[in-house]
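Trainee: Chains as they are written, first to last, in our numbering: chain A, -13 to 115; chain B, -6 to 186.
I should point out that these hints are in silico values taken from the structure, not numbers from a laboratory.
Where hints are given, some of them may not hold.
Taking lysine to any residue pairs in the SDA-like style, the calculated list, with each CA pair at most 25 Å apart, reads [stated by the list, open to error]:
1. B:LYS24 <-> B:GLY12
2. A:LYS55 <-> B:ASP32
3. A:LYS55 <-> A:THR101
4. A:LYS55 <-> A:LEU86
5. A:LYS55 <-> B:GLY100
6. B:LYS24 <-> A:TYR75
7. B:LYS24 <-> A:THR46
8. A:LYS55 <-> B:GLN66
9. B:LYS24 <-> A:VAL65
10. B:LYS86 <-> A:ALA11
11. B:LYS24 <-> B:ARG65
12. B:LYS86 <-> A:ARG8
13. A:LYS55 <-> A:GLU66
14. A:LYS55 <-> B:LEU158
15. A:LYS55 <-> A:LEU28
16. A:LYS55 <-> B:PHE95
17. B:LYS86 <-> A:VAL88
18. A:LYS55 <-> B:ALA17
19. B:LYS24 <-> A:ARG24
20. A:LYS55 <-> B:LEU117
21. A:LYS55 <-> A:LEU25
22. B:LYS24 <-> A:ARG8
23. B:LYS24 <-> A:GLY99
24. B:LYS24 <-> A:TRP64
25. B:LYS24 <-> A:VAL88
26. A:LYS55 <-> B:GLY135
27. B:LYS86 <-> A:SER77
Covered, in the sense of this in silico footprint (three residues per stretch, anywhere, with C-beta under 8 Å from a C-beta of chain B), are these stretches of chain A [to be verified]:
28. 34 to 45
29. 72 to 79
30. 94 to 102
The structure presented is a predicted model; accordingly, all values stated were derived computationally and were not measured.
Where is the CB? At the ideal position from N, CA and C, for every residue including glycine.
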Amino acid sequence: MAKTRAIAAEADQPDRWEAQLRKGAVEMAALASLWRGRLYGLEIIRFLENHSRLALAEGTIYPILNRLKAEGLLTSEWVEAEAGHPRKYYSLTETGRLRLRVMAEAWASFSRGLTELLQPVLEEQETML
Amino acid sequence: MTTETQIDSYLTALRLHLGPLTIAEREEIVKEIAAHVRDSAEESGASVETVLARLGSAEALAAQYRDGLLIRQASRSISPLVLLRASLRLATKGVFGVLVFFVAIFGYAIGGGLVLTALVKPILPANTGVWFDGQGHFMSSGVLFPPPGSQAHEVLGFWYIPLALIVGSLTLLATTWAIRTSLRVSQRWQSRL
């Protein structure tokens, strides 16, 4: 009984693990969305939805942007829009660009290493299917 | 409820729960969230109700900003009160936080205790010190009432003062550093919530 429960819990783990993995990358993803220019909050949310599989709760992104700004990685400015209300646009500071470049390099080399490691696992799965 | 009153009551609740932030910061956040709600409803054609539900409760949203601020301030602070408050908040979030909180309490108690006994030594010289018994085994240390009996001898004398001050201060410094480092590490984890 206890064993069955343990196995069930283990099978459950990958989902939670994947969620953690995604959420852990949100900060980098938010910075990356601003690489080509300024965006406002909702645009960042949509950008992340379209360019990565990072669908996040809409309320999550604003406190993160606030924090990244406090850390000096982002700046913001209010811009009047046709919508009738101003929007808060974020852009990367020089420090933010540097930090993002370091993060991107670390991420790329990390994922290259892991992909190599996981190659046999993925190949075997293909032959099984 | 009309659309406007729905938005207004959400923003009022948000403003209320953002209490500890400065007025300027608070108003900026409220303005940004208000713009988000209007844009999001307009763009997706979803009702304001749906958009607000997607944002989560005003209280939960405000809590994310408040935690960010608390931890940001504390990771630059040396005040035990600020650091304890931040680690207490962290303790509500998981095992790591609980551990940090206990280290904080323990470190402050030991460090603060040592410094206090150093200050007490000139006033109560006979009661304060480090005692060994006849066989050279450690018996007790600190401020004792009454002082240990005649079989015990105190080994430090007035050297107790500088020693307790140095060890106590180092313990306090190490505790402060440990809490601040943990808070900074946890800040990275915040985005996972």
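Trainee: Would you mind marking each hint as holding or not holding in the structure?
Mentor: How the hints compare with the structure:
This hinted pair checks out: LYS24 (chain B) and GLY12 (chain B) have alpha carbons roughly 15 Å apart, not beyond 25 Å. For the proposed pair LYS55 (chain A) and ASP32 (chain B), the alpha carbon gap of about 22 Å is at most 25 Å, so the pair holds. Straight-line distance between C-alpha atoms of LYS55 (chain A) and THR101 (chain A) comes to about 33 Å, which puts the hinted pair past the 25 Å bound. Taken as a hint, the LYS55 (chain A) and LEU86 (chain A) pair is honoured in the structure, with Cα atoms around 14 Å apart against an allowance of 25 Å.
Note on LYS55 (chain A) and GLY100 (chain B): the hinted pairing is violated, with a Cα-Cα distance of about 33 Å set against a maximum of 25 Å. Of the supplied pair hints, the one linking LYS24 (chain B) and TYR75 (chain A) holds, its CA atoms being roughly 13 Å apart against a limit of 25 Å. This hinted pair checks out: LYS24 (chain B) and THR46 (chain A) have alpha carbons roughly 16 Å apart, not beyond 25 Å. The suggested pairing of LYS55 (chain A) with GLN66 (chain B) holds, with an alpha-carbon distance near 14 Å, which does not exceed 25 Å.
Of the supplied pair hints, the one linking LYS24 (chain B) and VAL65 (chain A) holds, its CA atoms being roughly 12 Å apart against a limit of 25 Å. Among the hinted pairs, LYS86 (chain B) with ALA11 (chain A) is consistent with the structure: their alpha-carbon atoms are about 20 Å apart, no more than 25 Å. A threshold of 25 Å between alpha carbons decides the hint, and for LYS24 (chain B) with ARG65 (chain B) the separation of about 22 Å falls inside it, so the pair holds. Of the pairs offered as hints, the one joining LYS86 (chain B) and ARG8 (chain A) holds, with about 19 Å between alpha carbons and a cut-off of 25 Å not exceeded.
This hinted pair checks out: LYS55 (chain A) and GLU66 (chain A) have alpha carbons roughly 20 Å apart, not beyond 25 Å. In summary, the hint linking LYS55 (chain A) to LEU158 (chain B) is not supported, as the alpha carbons are separated by about 40 Å, beyond the 25 Å threshold. Taken as a hint, the LYS55 (chain A) and LEU28 (chain A) pair is honoured in the structure, with Cα atoms around 17 Å apart against an allowance of 25 Å. For the given pair, LYS55 (chain A) sits about 31 Å from PHE95 (chain B) by alpha-carbon distance, which is inconsistent with the 25 Å threshold.
Only pairs whose Cα atoms come within 25 Å are accepted, and LYS86 (chain B) paired with VAL88 (chain A) is rejected, the gap being roughly 29 Å. At most 25 Å may separate the alpha-carbon atoms for a hinted pair to count; LYS55 (chain A) and ALA17 (chain B) meet this at roughly 15 Å. Only pairs whose Cα atoms come within 25 Å are accepted, and LYS24 (chain B) paired with ARG24 (chain A) is accepted, the gap being roughly 18 Å. For the suggested pair LYS55 (chain A) and LEU117 (chain B), the alpha carbons sit about 53 Å apart, so the restraint of at most 25 Å is broken.
The straight-line distance between the Cα atoms of LYS55 (chain A) and LEU25 (chain A) is roughly 14 Å, inside the 25 Å bound, and the hint therefore holds. Distance restraint check for LYS24 (chain B) and ARG8 (chain A): the Cα-Cα separation of roughly 28 Å exceeds the 25 Å cut-off, and the hinted pair is therefore not satisfied. Of the supplied pair hints, the one linking LYS24 (chain B) and GLY99 (chain A) is violated, its CA atoms being roughly 44 Å apart against a limit of 25 Å. Under the criterion of a C-alpha separation no larger than 25 Å, the hint pairing LYS24 (chain B) with TRP64 (chain A) is consistent with the structure, at around 10 Å.
In summary, the hint linking LYS24 (chain B) to VAL88 (chain A) is not supported, as the alpha carbons are separated by about 33 Å, beyond the 25 Å threshold. Straight-line distance between C-alpha atoms of LYS55 (chain A) and GLY135 (chain B) comes to about 48 Å, which puts the hinted pair past the 25 Å bound. A C-alpha spacing of about 31 Å is found between LYS86 (chain B) and SER77 (chain A), which places the hinted pair above 25 Å, so the restraint is violated. With 3 residues having a beta carbon nearer than 8 Å to a beta carbon of chain B, the segment 34 to 45 of chain A meets the requirement of three or more and the stated coverage holds.
Look at the segment 72 to 79 of chain A against chain B: 3 of its residues bring a Cβ nearer than 8 Å to a Cβ of that chain, three or more, so the hint holds. Residues of the segment 94 to 102 of chain A with a Cβ under 8 Å from some Cβ of chain B number 0, which does not satisfy the need for three, so the listed coverage is violated.
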